Amino acid sequence: MKEIYAKFVSQKISKTRWRPVPSGSLQTAETFTTGSWDNEKNYVSLWSIGDFGHVDSDGGMDGDHQLLCESKHHGDVMDLQFLDQERIVAASSTGSVTVFLHHQNNQTLSVSHQWTTAHYHTGPGSPSYSSAPCTGVVCNNPEIVTVGEDGRINLFSADHKESVRTIDNADSSTLHAVTFLRTPEILTVNSIGQLKIWDFRQPGNEPSQILSLTGDRVPLHCVDRHPNQQHIVATGGQDGMLSIWDVRLGTMPVSLLKAHEAEMWEVHFHPSNPDHLFTCSEDGSLWHWDSSTDVPEKSSLFHQGGRNSPLLAHSISNQAAAHPSLLTSWLSADPAKDRMEITSLLPTKTLSVNSLDVLGSCLVCGTDAEAIYVTRQLFS
Amino acid sequence: MDVHSPILRKLFNESHGIFVGLQRLEEELSGRPRKAQLVRVSKNYRSVIRACMEEMHQAATAAKDPASSSQLSSQVSILSAVELIWNLCEILFIEVAPAGPLLLHLLDWVQLHMCEVDNLSADVLGNENPSKHDKFWNLVTVLVLQGRLDEARQMLSKEADANPGSAAMCRVLGDLMKTMPILSPGNTQTLTELELKWQHWHEECERYLQDGTFAPSPHLSLLCQILLGNEAVILEQKELLGTWYHLMVTQLLYSHPTVKPTELHIYAQSSLDLFLGGESSPEPLDNILMAAFEFDIHQVIKECSIALSNWWFVAHLTDLLDHCQLLQSHSLYFGSNMREFILLEYASGLFAHHSLWQLGVDYFDHCPESGRVSLELHIERVPLNTEQKALKVLRVCEQRGMTEQVRSICKILAMNAVRNNRLGSALSWSIRAKDAAFATLVSDRFLRDYCERGCFSDLDLIDNLGPAMMLSDRLTFLGKYREFHRLYGEKRFVAGASLLLSLMTSQIAPRSFWMTLLTDALPLLEQKQVIFSAEQTYELMRCLEDLTEGRPTCSEPDGLGPQADDVETTKVEMLRLALARNLARAIIKEGSLEGS
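Protein chains in written order, with numbering that gives the first Met the number 0: chain A, 0 to 379; chain B, 0 to 595.
For the record, the hints were derived by calculation from the structure and aren't laboratory data.
Check the hints yourself; a few may be wrong.
Using 30 Å as the maximum straight-line C-alpha spacing, the simulated DSSO-like pairs for lysine-lysine come out as follows [said to hold, decoys possible]:
hint	chain 1	residue 1	chain 2	residue 2
1	B	301	B	42
2	B	42	B	388
3	A	6	B	42
4	A	257	A	348
5	B	259	B	157
6	B	388	A	71
7	A	257	B	237
8	B	9	A	348
Now the stretches of chain B that chain A is said to cover, found in silico as 3 or more residues with beta-carbon under 8 Å [unchecked claim]:
hint	region
9	6-12
10	304-318
11	352-365
12	383-397
13	462-471
14	574-584
Quantities reported herein were computed from a predicted structural model and do not represent experimental measurements.
In this text, a Cβ means the ideal position worked out from N, Cα and C, and glycines have one as well.
Just chain B, with the same shape it has in the complex (with noise of 0.2 Å):
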């Protein structure tokens, strides 16, 4: 089955979100409530697949060129066996029919797949004399044979009327297939009423043949035949049949009505053998009916596994008679059961699909041992080509608390930010990811910015930096920094100097940068009114001492020769002077008095 199928894609959604239903579905509920409820999420699967399949046969007959018309019909008969197991899985497994109800099942089961039946009915029904028609015999034939003793009988009927010489034959017959009795489902007698009952109806059947009262018309006779459950007499229906298993349920019907599920599996073994008749071997479809009725489901899904090269079918099948609570913990080798197993190669198969991934998740979701593991494997492996699609898979891994995946996907993301010079998507993406050591690159390339260029680019982000400013010292620096340059502009420079200091005196302005704190400082000294106090000049010298003293000892070449060194040393002496002046001034107003 193909994953690309943009058919098949309908399969795989709608049996997502059946699926995630099911994980769902109460616990409490035990008992018949419950086995109603997984019945009915079964037919869910199996409405979903016939869906697909009626559009798959559409697009098939629609389809121009006859290469994708037989690839799309090979898949409705893949479709079909699917459906078709599933549904005889549904019977034997969660519906657990008991002898009655199970023959019943059994046939609604077969009339479902033998849609040839209607096609026959329709063309012979669509002439003007039906029973001139010459598949009129077969239809007959073929609707006794399903069961369908009703329209068996208004066939009859239009004989009757067409050919008043049988008429009497035909009323005869006709009155054995009504009272023919059958459990129906409101009926409350009980399987002994109804053998008996049989056993009675089944002699009458009998002796009418036994009397020739079908003598005349070979027909009719070959039907009465039918109905006494002569073995030979179905088996040469073979053709109309067309299966081993429509031989096992004709068979049942009108020999054992009242069989048992486990007696099952003799019946199918035998018609199996006779229906082959020795000629061909079982094909991997009749090897998997026959281990469901086995009632191997081990076997079964091993089959399927092994036959179907997609998983999805052998999933969601799984899964369900998983809460069925059918499998054993079936330990593999490595440790983990059937259903966790199956249910992680289907969703490691999703994860391989550019777009099915996200199903892929819930999947991983519900696999208690190994499911998180191979989640984190696989989120992360998740081709990013947009901001939504990023915010998305950092969604799904930040609501099940997978904080590394987190990191490293924000770690990508903000530095393709930062190589595109998008620095507020890349403080963004650091912020999110609650990542100090990225922001602090971030407010670096920053600051570098600014030293190169003299002034702050994407100021509206670094004014309204907001409570984010505490993720990092060097984002802190620089929220404080540009917050001293507005004070600055707004000429509050007592404001402004004490801010300046701090940041030196607090250490969270980077060494690198205190030169240029320094040198901001000028102008500040340099005022007329005596903006910095002595202590705070004291302060100051302190720095510039802690600052130069560690030169002469750096002997990294700096790459930019002596004149560096010039520019460095003239601005020290500047800023040396400077302090010295504002110390003397700011002694002098300290010491004065006061007032006039």
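Pulled out of the complex, with its shape left as it was, chain A reads as follows (with noise of 0.2 Å):
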């Protein structure tokens, strides 16, 4: 049975992201850092799991997360990742990009850097300035890419003031969210259901390769990379749609889940365990897919402990999967067959999820019902 810990914060949470593990040690999760959004101040917020020296043996006595400290932020936080241990990026719904620094010593965030016009519809130099929200951010250190509802993609780089890379205009509608494919290609989903790759070694304006579902247009508000095979992607859209695409294999989309009732906001391969994927959504409900095939008999959709929705998961396969040897089960995912089980982890339908993460054995959520849930034992 699994123990999902809430707390009721005050304030409308937006993003939550697990501070990295070393790579290599044996620590779990322990750190997680939240942004809110909708109030009149704002605030990253950097929190604390217990100990796990003081867990009895009915598991996870003292589960309450802890505040540890928080900063205040202009706007609303739109995404937050952590670009190494100490530091978070944040981006805002003013447009710009701030990268926080954790004191360990004295346990304070601070701002260390600032991109302000990182994401405007008319420039600061002209009399009619606006600014555009920053939607989306994506780290891997030392680089910095960023979008926004101007359609801007912007490649920062951590200790520069000025950016290193910016395409102009890249998109005529929102970019919702990007993410890394190989380091020098990025994948960006915007407004109108298209996902783009862009290439940074090459000059010029165009994505190198665009991919887009034929049918109605769907915006799509998430995106992420498959951690082993970088030509898998998974994408959610407005619809509530989860979409598994292989972008070496043309324009369309592999399999075609229907999932949630409303937008999905954010979808994750587990890190480390990418048989296993997790998506939130406007309607209150955040999902496990689990589509491992190790386990033997699989006979029926319910297991003892989860509460399962009845969904109708409908796939489409394509049938161009010309690399069976690199075939994982998410190509061929076809749940009438029983080989995925989706559990839903709330105990309650609440108002919308907003957001989640995952590392390890542990996930956390957090809602608009300005409340944060943690788990630690995913998997048990």
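Take the two lone chains, each set in its own frame, and fit them into one complex as the hints suggest.
Written out as structure tokens, the structure reads:
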């Protein structure tokens, strides 16, 4: 039985992210950051979950998460990423991108660097200056890539004042999210349902590839890349549809799964266990998609303890699976064959779940009901 | 209650969750299971209030400056009063405890709210010699007043140990306390049995007192008098009691333990009068509690609404009582019932908050008469500074079928997008709103850009319109026109030519654009091979005539002067020439035999 701890924190949470653990270490996730939105004063906060030393035999007695420190943030926090162990990058609705530094010795957060006019509709030079919200940020130390409602892509380097590269008018609609593919390439999703791949080595302002769904142009809100196979990408759309794409195989998605009843805000592959996928949505639910095939008997979609929702997961398999040896379970996902288990992780339906993050066996998510949920037993 | 306090926000959010859960309660359940569920909901609300109080209390003690500390303290006392009232309402209206258990519940109620006892107890017991502590007898008295006889007996045994002279008396008194008949929860004795036993016990206490057993010790004798329910003696303990309702409960415990709910108000009134003693007048809290004892629910709600500045408490309590089916449809003059009125007020207050408006939506949803209308009015006024917030608002509207609001919000967003030159966004908003008129506007903008610059901006959008093209004629035209350019670029001239012609003949091309289309046809007409058939050429000529015959009569000043006219006339002449030549070639080609 999964134990999930909820805490009401008096601010609507827009983003939650685990602090990455140093690679190769056996540490588990301990600290996470959250950003708030829709407040007169918004905050970026750091929280710590209790020591594991105090867990008694029932498992997790003092599961409450405690606030370590917080810092004021101008504008809504639209996206949040850890740049490294101490630095957090926050994207703001005022169009600025801020790097916060966490001082471990006195537990404070301070602003280390800020690009205030990263995103704008009309430039700072002109009299009718209007800023645009920055909607997505992704980091690969020291590079930071941001995208915004102005359709602009910026490449920053952590210590440089000016942007390294800017692609103006990369898109005529809003760019909602961005992720790295192979290192000089990024992939963006926009509000007319297109995925675009950009190569920073190329000059010019054109994407190197465009993929989209034929049919209704449903805006795409989130994207995540498979941790091991860099050509597989999952996207979530405004109609709650989860799509898995293989960017080498043409412009169609490999599978389409009807998931939530409203916008899917975030999709995440589990970083060390990529057969597991997590999605959260405006409809107030958080789902765990398990397509691992190593369990011998899975005759039904019901397993004890989890709350399953009877869903119609309809999939369209792309038959052009030309490399069977590299086929992961996602590419041949066909939930009708009972190989995929989908569990709803939150005990009751709440207001929108805006964000989630997974690390190891820990999951954290934040909602519009001003609550943060943490579980440390994802795979029990 | 300040809506903007961060600790209170937790109250609002948590109670929102409970509220929504309550509305979804099974309707089929009735009788005991339903009552048990409603009691559970009530206890949930109360635990949320208590948690909030706890946190606020901690914040008040930790606060650095006295102003905020005192403000927090006053909030704590308001919350404490709120919980007191709620608890009493739960006992009387929701739990509907009958005679017997009623008193037990009331005892619990009083004990819960007199927390000074615990402090006093800790104080005294912490001492090495508890019985020598100057507050010792106060503690014992208060314990007896609250009916906590086991603890009182423990205290007495300490006194007996310390003071052997009074050991015998303490033992007797202790035995009396032990044997006092009370109705324990699992007990199956009837009320009559209990009354009999209680009568016997009462007489036994009386006897001991008359015999003078406790005469040597004034303290013990006082305690015995209390056990006998001596009104005067109990009233003397005003200070230890603290409140009139404590007085009432103690009095009832020791004189009428089997009090019926309907008799409560008599005792309540007399206790209130005795306690105040004609010196002071009842406070609002007293009035509310009095109304509760009189089982006048409407009065309770009315008084609470007046006393408290925020609708939170009244809204949730009224809703819960309504679910217990306790409120008659107490119609207000504009027709909706009390619960709905209060919920509407509360939800409107939430909408005034920059962040809590999302909670307000659910409250409006559960107001059957005016909820939807109010929501429609309020949701349009939520300020939208980012697309993400707009999406959430739109989702709320779409889930409730508020198409008008969806349309108007999308229109605002699309206008903003056009102003910021984000034509793709503008188009995606008009698709969401299924707003054909706006889609036409966006397409016109594209076409205008094309005419000015000679090339299309945002090709990624136009090339990939998909089925959205069908939303508006202009959009379809735009898509098809771009397709024509693509065909031309791929040198598929025949296909391009027929597409171009169909654009004009099917009337989806705006008149103003026909000249451009015809000009686009020029290079096709001038090609070496014949592309347009004779039929098609006739069509083109007809279109040209349609276009030019309107010209001389339209006398709008172009603002371009005679030069524009010259350009126009030259174009028309060139077209006429090209068309004629093409016609000639086409006729010849079609007239001659195929094959060698």
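Hints and how they fare:
With a C-alpha separation of about 23 Å, the suggested pair residue 301 of chain B and residue 42 of chain B falls inside the 30 Å cut-off, and the hint holds. A distance of roughly 35 Å separates the Cα atoms of residue 42 of chain B and residue 388 of chain B; the hinted pair therefore is violated under the 30 Å criterion. Taking the CA atoms of residue 6 of chain A and residue 42 of chain B, the gap is near 19 Å; set against the 30 Å cutoff, the hint holds. For the hint linking residue 257 of chain A to residue 348 of chain A, the alpha-carbon distance of about 19 Å falls within 30 Å, and the restraint holds.
The suggested pairing of residue 259 of chain B with residue 157 of chain B is violated, with an alpha-carbon distance near 37 Å, which exceeds 30 Å. For the given pair, residue 388 of chain B sits about 20 Å from residue 71 of chain A by alpha-carbon distance, which is consistent with the 30 Å threshold. Annotation: proposed proximity of residue 257 of chain A to residue 237 of chain B is violated, straight-line Cα distance about 68 Å (limit 30 Å). The suggested pairing of residue 9 of chain B with residue 348 of chain A holds, with an alpha-carbon distance near 17 Å, which does not exceed 30 Å.
For a cut-off of 8 Å, the count of residues in the region 6-12 of chain B with a CB near a CB of chain A stands at 4, and the three-residue condition holds. Counting residues of the region 304-318 of chain B whose C-beta sits closer than 8 Å to any C-beta of chain A gives 0, which falls short of three, so the coverage hint is violated. Counting residues of the region 352-365 of chain B whose beta carbon lies closer than 8 Å to any beta carbon of chain A gives 4, which meets the minimum of three for the stated coverage. Restraint check on the region 383-397 of chain B versus chain A: 8 residues with Cβ-Cβ distances below 8 Å, three needed, restraint holds.
With a cut-off of 8 Å between beta carbons, the region 462-471 of chain B has 5 residues touching chain A; three or more are needed, and the interface restraint holds. Counting residues of the region 574-584 of chain B whose beta carbon lies closer than 8 Å to any beta carbon of chain A gives 0, which falls below the threshold of three, so the coverage claim is violated.
Hint compliance for this structure: hints 2, 5, 7, 10 and 14 are broken, all remaining hints hold.
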